[in-house]
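Spelled out from the first residue to the last, the chains are:
Number of protein chains: 2
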Amino acid sequence: MMTSSSSSSVMRKLDVVSPVPSDIDIANSVQPIHISEIANHLNLTPNHYDLYGKYKAKVLLSALDELQESKDGYYVVVGGITPTPLGEGKSTTTVGLCQALGAFLDKKVVTCIRQPSQGPTFGIKGGAAGGGYSQVIPMDEFNLHLTGDIHAITAANNLLAAAIDTRIFHESTQSDKALFNRDVMFRRLKKFGISKTNPDDLTPEEVNKFARLDIDPDSITWRRVMDINDRFLRKITVGQGPDEKGMVRETAFDISVASEIMAVLALTTSLTDMRERLGKMVIGNSKSGDPVTADDLGIGGALTVLMKDAIHPTLMQTLEGTPVLVHAGPFANIAHGNSSIVADKIALKLVGPGGFVVTEAGFGADIGTEKFMNIKCRYSGLTPQCAIIVATIRALKMHGGGPAVVAGKPLDHAYLTENVALVEAGCANLARHILNSKAYGANVIVAINKFSTDTDAELNAVKKAALDAGAYDAVICSHHAHGGRGAVDLGIAVQKACENATQPLKFLYPLDIGIKEKIEAIAKSYGASGVEYSEQAEKKIELYTKQGFSGLPICMAKTQYSFSDNAAAKGAPTGFILPIRDVRASIGAGFIYPLVGTMSTMPGLPTRPCFYDIDLDTTTGQVIGLS
Amino acid sequence: MMTSSSSSSVMRKLDVVSPVPSDIDIANSVQPIHISEIANHLNLTPNHYDLYGKYKAKVLLSALDELQESKDGYYVVVGGITPTPLGEGKSTTTVGLCQALGAFLDKKVVTCIRQPSQGPTFGIKGGAAGGGYSQVIPMDEFNLHLTGDIHAITAANNLLAAAIDTRIFHESTQSDKALFNRDVMFRRLKKFGISKTNPDDLTPEEVNKFARLDIDPDSITWRRVMDINDRFLRKITVGQGPDEKGMVRETAFDISVASEIMAVLALTTSLTDMRERLGKMVIGNSKSGDPVTADDLGIGGALTVLMKDAIHPTLMQTLEGTPVLVHAGPFANIAHGNSSIVADKIALKLVGPGGFVVTEAGFGADIGTEKFMNIKCRYSGLTPQCAIIVATIRALKMHGGGPAVVAGKPLDHAYLTENVALVEAGCANLARHILNSKAYGANVIVAINKFSTDTDAELNAVKKAALDAGAYDAVICSHHAHGGRGAVDLGIAVQKACENATQPLKFLYPLDIGIKEKIEAIAKSYGASGVEYSEQAEKKIELYTKQGFSGLPICMAKTQYSFSDNAAAKGAPTGFILPIRDVRASIGAGFIYPLVGTMSTMPGLPTRPCFYDIDLDTTTGQVIGLS
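Chains as they are written, first to last, in the working numbering: chain S, 6 to 632; chain B, 6 to 632.
Keep in mind the hints are simulated off the structure, nothing from the lab. All the given hints hold, so there is nothing to weed out.
Heads up, simulated SDA-like pairs for lysine to any residue below, C-alpha to C-alpha not over 20 angstroms straight-line:
no. : chain 1 : residue 1 : chain 2 : residue 2
1   : B       : K59       : S       : G58
2   : S       : K182      : B       : K414
3   : S       : K182      : S       : F215
4   : B       : K59       : S       : Y60
5   : B       : K240      : S       : T242
6   : S       : K76       : S       : P509
7   : B       : K469      : B       : E429
8   : S       : K240      : B       : T242
9   : B       : K455      : B       : A466
10  : S       : K292      : S       : P222
11  : B       : K250      : S       : M604
12  : S       : K544      : S       : G289
13  : B       : K59       : S       : N52
14  : S       : K240      : B       : R228
15  : S       : K414      : B       : K182
16  : S       : K292      : S       : Q179
17  : S       : K414      : B       : A183
18  : S       : K285      : B       : T623
19  : B       : K285      : S       : D618
20  : S       : K240      : B       : E249
21  : B       : K443      : B       : G386
22  : B       : K511      : B       : R383
23  : B       : K544      : B       : G289
24  : S       : K240      : B       : K250
25  : S       : K250      : B       : T606
26  : S       : K240      : S       : M604
27  : S       : K18       : S       : V35
28  : S       : K240      : S       : T606
To spell it out: a stretch of chain B is covered by chain S in this simulated footprint if at least three of its residues, at any positions, have a beta carbon under 8 angstroms from a beta carbon of chain S; those stretches are:
no. : region
29  : 53 to 64
30  : 171 to 179
31  : 234 to 243
32  : 310 to 321
Even glycine gets a Cβ: it sits at the ideal position worked out from N, Cα and C.
Next up, chain S with everything else stripped away, as it sits in the complex (with noise of 0.2 angstroms):
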């Protein structure tokens, strides 16, 4: 048994205790190290990082600037097979095998994951750290506020979504003069290379064209948002005070994290190309249908000035010490679920080769690494040359056939009691995740993570599986029970999977075919036969065509419990045809999103929500409850 190294590190022991106990209980049973060490440790000089508070800092984008010359080191992507409702541990796995690469293999390694909603942190999930001994912590600083990203992104969303109505209205009740005769309007005139600027001197028609956007009121797909599961503002009628004058709009809240914004932090490269991609936001149509952005409405620079402090990630630590970068959020069906490509492009210069970087895909591996390939990595030019898959017997189970899964029920006897043949049926969802990952060229391990009623028996079918299906190694992992170590397997199956890797990224598909023959490439790996679209879905896809955005990649918003759209339909489906209800855009982001059946963009709190049991020692002012 390795031990974990501490010569050249700030790594810290574990001491593991079996049973496993409460997450929060392991998360406080340790002390963190000042983060600044672990920022030393990455030799990131102070200047390249701001504190907040002892346990997190902001790494800013000089560092990246400044190691521009630097080589990248590994890049590993972990997603997951067809999850329970009760999710199969890719964020535990991603923080395990990190804690084993650097806490028990003396590697290099930055784990990046993605910045959790507050919304399920006090309503039906909790936490999103990790669990049992690979966790990321503060455990409590992580859940909440952070570093204030979401609340910046919430803000700006906002901002947006008011300058929207407020300039319908004032469009509404104010003469083309008096609209013109606001200074934006200048350098509107001067974007379209028209040099007058005394409105006498313009005809009517110019001021008419230049002062207004004439926004149909109609055609806005732009929703306010809110980092909470506020049900009640799923939809909304709003503008019914007396002074706004009868001017009322049905719209919505979504969840912030599900926000264009987020998906802007996400896919942004710098600075620059975050104030063009805020700018290029479009947030509805004008009433002769061409497209309407946040620049048009003069906002593009005040989106970016909220975001300026957002676009650095996050450094915090796992439980062994090793370094984490939290970007972004989790929304993996109406945006692309990853963590930022700023976080991983800072972390693969900071381990620099024979480095590992680690980040997690959101949802399952059909969803969130098929994002990650043709979204993520497109964008960034980045090529992964490891794709982890996250199984679970559990998981393999349902999908062989056992009995539904249903979170705060018990689970049926089925999943606690040996049954070989139900995991063999079940790897057929297996099987397929690790085809279609392993079409972009990276090497694919099958991480089988490990439950105390697991048989080894269960475990071997699913290596075996896995092996058939072509993967490159199949690994059972014990880091939840065992921290690190209990993942160094995994680490070196990782470590190999990367050495050996050679072949260049391959997409799904090109961007410049038409956005239903992209459609139909994604829809092929999921085992449909077809695909069929709305009158609605026509008509955007004709829309987004004529305003010249189908070269953009595709963002599919779509069930994670199951390939198909139906979350019943378990295993591997083939032969369905895919329904296509609506198509969106997220052009500041850069992609089309198709919407795979109904899409809840904003959470409801349970009866039993997990506010609940939160609460504050205030002695102490150590956070309780939180689970």
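Dock chain B against the given chain S, drawing on the hints supplied.
Frame of chain S, contents of chain B only:
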């Protein structure tokens, strides 16, 4: 002329030029000192503060605990005469005075001011960091996000709002028994002294009583908030989604700084006290008329967790390197509009005997100083030695009968040329503020904030009127043009006033009289001859008295533009009847707030909002266009 001392301090010498450049140009021309140096100069050790970047730090409440035995410094409150819509430089004077005391008079000094709302920053008002050569820097960090306190308030406020609607929804769709089985109910049972925990042992009435809050939707006073000027949220309908089964309700958003949680933050004295106050916030009544609290909803602990970092004030610096504590928020109508008690308390210990804490009270002294004395000092137990009233020739001319002053329009000729008679006539307003402020026992100093168009004859007329009205002193200051050097005379006067203060704090009203008697005492100080209550106000006073809340202090929600309810009534109106339209309660924060006329709690964006000018220079990272 004195020059900035440098031996014993981290103070910075200002190079003052004339004419005064724009605020942002001045702010950007100065390299801020690393905040750890500022902290060090205050004898704060690193365990008592958390860095938030290089120029902000949260000073932890533990500093207060450690200094419990130390003696306090002098306590100075800055109010103003009834202002014009342009503002009379209260923040600028607060900052300038501190620059004088710290950088020129070699005193230990801390400025205590409020965090600005981002709504007006992007809307109509611009930043709030002072002005000219008397500013808090970095100006952009001061005006944006700061250390996330307002974002935390937004999150906590809206989590509670979501919990209210969801609770009503679940109570309307689920059985008593199902609701009862949420185990938080067992805690609620215990609170009521019932030890039975098996639902079957309870009578249906007992189950019903403890499982249901039975909130009357029409009684809900808790609204959602957003730190954005979003007029379309002034009146909205929520719950229109199909899943909410028709449980629609009319409600509204306020701007975040108007949240009761902001008032709690400003008035709390410790973590334990904040937990209590957040838990006892009343969100409405049950159908039988009992108040329903945050703790009844099981959410007091979660709110405290969301607010646990916000309770620590943020350390920043002035242009001349003196320390500033920024805390709590700006709404001086439905809140009390003062900086926080904890910031003032920490500051008083840090400066120690002979040092000065200068704290700003929002709006005119009829609102800001009155609430400072009767609410804030009542809860803190602190006594100010000196109350400053900031006056300008401009505002006094308006009170003397000058034409209306309108934001965004050029000033009338009357304000730009000498007119001593107009100034003298306007001093009636100043005189009443002096009289009212003096009644609390502090020595009153009038700070005449000099503009370049003011003449000596005008300035001397104000000095004379101030002394005639009983001011301890009246001093002409030019800190906007000259920084601390321009407020040295004011500093000397303040020092003398503090050293010679002898009286204890005398409140305007005792707590143990009725709500109406308290309202009438305040109305009398405005010059009113009586008070008129609407039917709604009468009903609410009766309700709050019945619910046991009549012993709280009163926080009048009144226009700041007149002593009366009529913003157009300038000078020192008398003989009017003050109308009370409604009465509301912030039970957690600890006050009753009568609404005098209509108070907007959600500003709007103007036709030409500030955000048009705001952008980021993406090569330097510098914010441009913030004013």
